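Asker: Sequence:
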Amino acid sequence: MAHLSRVLTVVLGAVLGALGAWVLLKPASPSLPDTPSVVQQMRDVARLETLEVALYKKVTFAPEPQATDALWKDVLNWARHALQNPHGRAIVFANAHLGFDFQRFDRSHLQVAGTRVYVVLPPMEVKVELRPGETEVIDSNLDSEQTAQLLEKARVAFEHEVRADGRLQRKARESAERSLRALLLTLGYREVLFVDRLPAGTAG
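Using full-length UniProt numbering, you'd call the opening residue of the sequence shown number 1 and step up by one each time.
Hints are computed from structural coordinates only; laboratory data are not their basis.
Among the hints, a few may not be true.
Listed below are the simulated DSS-like cross-link pairs for lysine-lysine, each with C-alpha atoms no more than 30 Å apart in a straight line [what the hints assert, rightly or not]:
1. K57 - K171
2. K127 - K171
3. K153 - K171
4. K58 - K171
5. K57 - K127
6. K153 - K127
7. K57 - K153
8. K58 - K153
9. K127 - K58
As the structure is a computational prediction, the values presented were derived from the model and not from experiment.
Turn these sequences into a full structure, and let the hints guide you.
Answerer: Below, the structure is given as structure tokens:
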């Protein structure tokens, strides 16, 4: 019995020694960065482009005669318009870019609670770039100024459609959330929540 007691004492001592060594030698938990540092790292992302979409549209344009402050000039413009009947039809191609501008991201967009972080994304931005080299003119007698008006009409129409497309908006947001969640998890946070408004409390 005395021998067994000595064995148990030795084993217990070894276990306690190993436990003490593990406590002393285990790496310290990495400290989380402070809120200003996180904000700066997210701002360094600058403009996060999350989605690019190729678009095309058939556009018709028939400019009206421009009114002036002189009656006879208006008459001449109307006559010229009636004779020439300016019109144009073309298939216009463009790229639409959906993204977020993090230069406007600040502490009011971020709230940290332990290892959990809440993020409010800045407003989504939509930018449409025409591809004039790929424009296919179907029928046109427009001059260069009127052709520029046709292309601008197409650009505005593209932008309006993209802004109204909930599916594209959702895909762009999901892509941005994946990228930012990966960034924040590498900084040591365990839970990243994207919200429309920060929870009650002090932001940051």
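Asker: All the hints need checking, so say for each whether the structure fits it.
Answerer: Structure-based check of each hint:
1. Taking the CA atoms of K57 and K171, the gap is about 22 Å. The hint holds against a cut of 30 Å.
2. Our distance criterion of 30 Å between C-alpha atoms is met by K127 and K171, whose separation comes to about 16 Å.
3. The suggested pairing of K153 with K171 holds, with an alpha-carbon distance near 26 Å, which does not exceed 30 Å.
4. This hinted pair checks out: K58 and K171 have alpha carbons roughly 26 Å apart, not beyond 30 Å.
5. Of the pairs offered as hints, the one joining K57 and K127 holds, with about 16 Å between alpha carbons and a cut-off of 30 Å not exceeded.
6. Taking the CA atoms of K153 and K127, the gap is about 15 Å. The hint holds against a cut of 30 Å.
7. Of the pairs offered as hints, the one joining K57 and K153 holds, with about 11 Å between alpha carbons and a cut-off of 30 Å not exceeded.
8. Between K58 and K153 the CA atoms are separated by roughly 11 Å; this keeps the pair inside 30 Å, and the hint holds.
9. With a CA separation close to 20 Å, the supplied pair K127 and K58 stays within the 30 Å bound.
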